[in-house]
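Enquirer: Sequence:
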Amino acid sequence: MTNTHGWGKELKDKRLDYGLSQNKLALAAGITRPYLSAIENGKVVPTEQVKASLSDTLERLNPDAPLELLFDYVRIRFPTVDVAQVLEAILHLNMDYMLHEDFAYYSYTEQYRFGDITVMASHDPTKGVLLELKGKGCRQYENFLLAQHRSWFDFFKDCLNAQGVFKRLDLAINDKTGLLNIPALAQKCQSEECISLFRSFKYYRSGELVHRDEKTDMGNTLYVGSLKSEVYFCIYEKDYEQYAKNNIPLEKAEVKNRFEIRLKNERASHAVIDLLTRQDVEKTAFEIINRYIRFVDRDENKRRSAWSMNQQWAFFIGKDRGALRLTTEPEPYTFERTLNWLRHQVAPTLKMIGTIDQLNQTAILSELIHEAKLTEKHEKLIEQQYLTREDVIL
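Residue numbering for the sequence shown follows our numbering, beginning at 49 and increasing consecutively.
No wet-lab data here; the hints were simulated from the structure. Watch out, some of these pointers could steer you wrong.
Simulated DEER-style distance windows between Cβ atoms [what the hints assert, rightly or not]:
id, residue 1, residue 2, range
1, Leu194, Asp61, 55 to 61 Å
2, Pro231, Arg339, 41 to 47 Å
3, Pro231, Asp61, 45 to 51 Å
4, Gly366, Asp202, 22 to 28 Å
5, Asp150, Ala395, 23 to 29 Å
6, Pro231, Arg326, 33 to 39 Å
7, Ala137, Asp61, 51 to 57 Å
8, Arg326, Lys367, 19 to 25 Å
9, Asp439, Asp206, 42 to 48 Å
10, Thr382, Ile412, 49 to 55 Å
We treat Cβ as the ideally placed atom computed from N, Cα and C, and that holds for glycine.
Using the sequences provided together with the hints, build the complete structure.
Expert: Now the structure itself:
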């Protein structure tokens with residue numbers, strides 16, 4: 049959308065592709081319908097501000113859903129020392145194909161792992177068995193849920209029936225069009241245009257140092273609420289994170305920003321019960337958000353409690369947008385993370401040895417590889433690569 053008439057025509061074509069009326073787009077963008085008609089027909093030249101507003105509004109009304117919801121972290125403790133029961137009766141995964149390791153986290157002594165699906169164990173009955181699914185783990189487990197013809201709701205119900213205690217549950221809302229302006233939201237927090245039950249917020253600009261419990265490489269990041277509390281929000285630039293971690297260009301990132309609802313202990317348990325009762329992830333997620341926070345626009349002629357809700361925030365929480373459904377992104381396990389480690393930590397050394405071989409006309413590298421002994425762990429990792437998901441599920 050560069051020249052005036054061409055820009056207006058492209059705007060009109062995209063509006064029609066989205067199935068939007070002139071009246072709806074004009075109303076959402078804060079202009080009149082005749083003014084929008086004149087812009088689309090090239091009869092008037094809109095200001096850069098109006099062009100930006102129309103472009104942003106049009107993407108917000110994209111019928112392909114500018115927002116999507118997904119589970120991004122699950123941690124559950126089961127009151128048993130029987131790992132097989134958790135793996136096979138609850139996760140419905142064959143224990144024989146899990147990689148066993150003689151170490152774990154959270155003071156557990158051992159763990160069983162398939163990719164990023166991790167089950168930790170201890171001989172201490174008070175600790176029980178701990179299941180942890182981080183982001184990748186959730187995506188990988190969705191791949192198995194799909195093959196099992198089960199949903200997250202089925203899985204959570206099985207966990208509660210087994211008296212599982214939810215220690216953490218993260219709900220992520222992906223913003224695919226840049227609806228959430230994180231620096232602007234941070235500014236509203238600083239200027240008291242954020243009405244919240246939380247007493248604290250932290251804002252980090254791209255490149256700034258973060259504390260130990262906070263993620264790095266996330267671009268502009270806003271934490272609302274204390275990280276030590278049972279509920280807080282993290283809003284960050286997902287496209288920057290993918291650029292920093294995987295070198296994906298910002299303009300090619302599928303997700304621009306992410307709003308994470310992070311729930312611990314009792315709050316996580318209440319959320320799961322609400323999810324199973326309603327069977328509606330959107331209502332559960334946005335009721336939590338609306339209970340704790342809303343962004344408003346300052347009005348010096350009114351009391352703060354009467355300030356109007358910010359228009360973009362109102363759209364984010366549900367005004368004039370379509371309903372959101374739970375998104376699943378089943379992802380098979382690959383050893384990409386191991387390859388990345390090899391690429392950065394091992395490959396340079398191997399390349400150096402190969403260069404020395406060429407200079408000295410030796411075969412040190414091939415001899416090292418030939419003489420290397422694969423451990424049981426290596427054999428299990430190889431096995432996991434060629435198994436189908438139907439092989440692993442029960």
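Enquirer: So the hint says 22 to 28 Å: do the beta-carbon atoms of Gly366 and Asp202 match that?
Expert: holds, 27 Å
Enquirer: Take a look at whether the Cβ-Cβ distance between Pro231 and Arg326 falls inside 33 to 39 Å.
Expert: holds, 34 Å
Enquirer: Starting from the range 23 to 29 Å, see whether the pair Asp150 and Ala395 falls in it by beta-carbon distance.
Expert: holds, 28 Å
Enquirer: Do the beta carbons of Pro231 and Asp61 sit within 45 to 51 Å of each other?
Expert: About 31 Å separates the Cβ atoms of Pro231 and Asp61, which means 45 to 51 Å is violated.
Enquirer: Would you say the C-beta atoms of Ala137 and Asp61 sit inside 51 to 57 Å of each other?
Expert: For Asp61 against Ala137, whose Cβ atoms are near 55 Å apart, the range 51 to 57 Å holds.
Enquirer: Does the hinted range 41 to 47 Å hold for Pro231 and Arg339 at CB?
Expert: violated, 25 Å
Enquirer: Does 49 to 55 Å hold as the CB distance between Thr382 and Ile412, or does it fail?
Expert: Cβ of Thr382 to Cβ of Ile412: about 30 Å, so the range 49 to 55 Å is violated.
Enquirer: Given the hint of 55 to 61 Å, is the C-beta distance from Leu194 to Asp61 inside that range or not?
Expert: Once the Cβ atoms are compared, 37 Å apart, the range 55 to 61 Å for Asp61 and Leu194 is violated.
Enquirer: If I claimed the Cβ atoms of Arg326 and Lys367 lie 19 to 25 Å apart, would that claim hold in this structure?
Expert: holds, 20 Å
Enquirer: Taking the beta carbons of Asp439 and Asp206, is their distance inside 42 to 48 Å?
Expert: violated, 21 Å
Hint compliance for this structure: hints 1, 2, 3, 9 and 10 are broken, all remaining hints hold.
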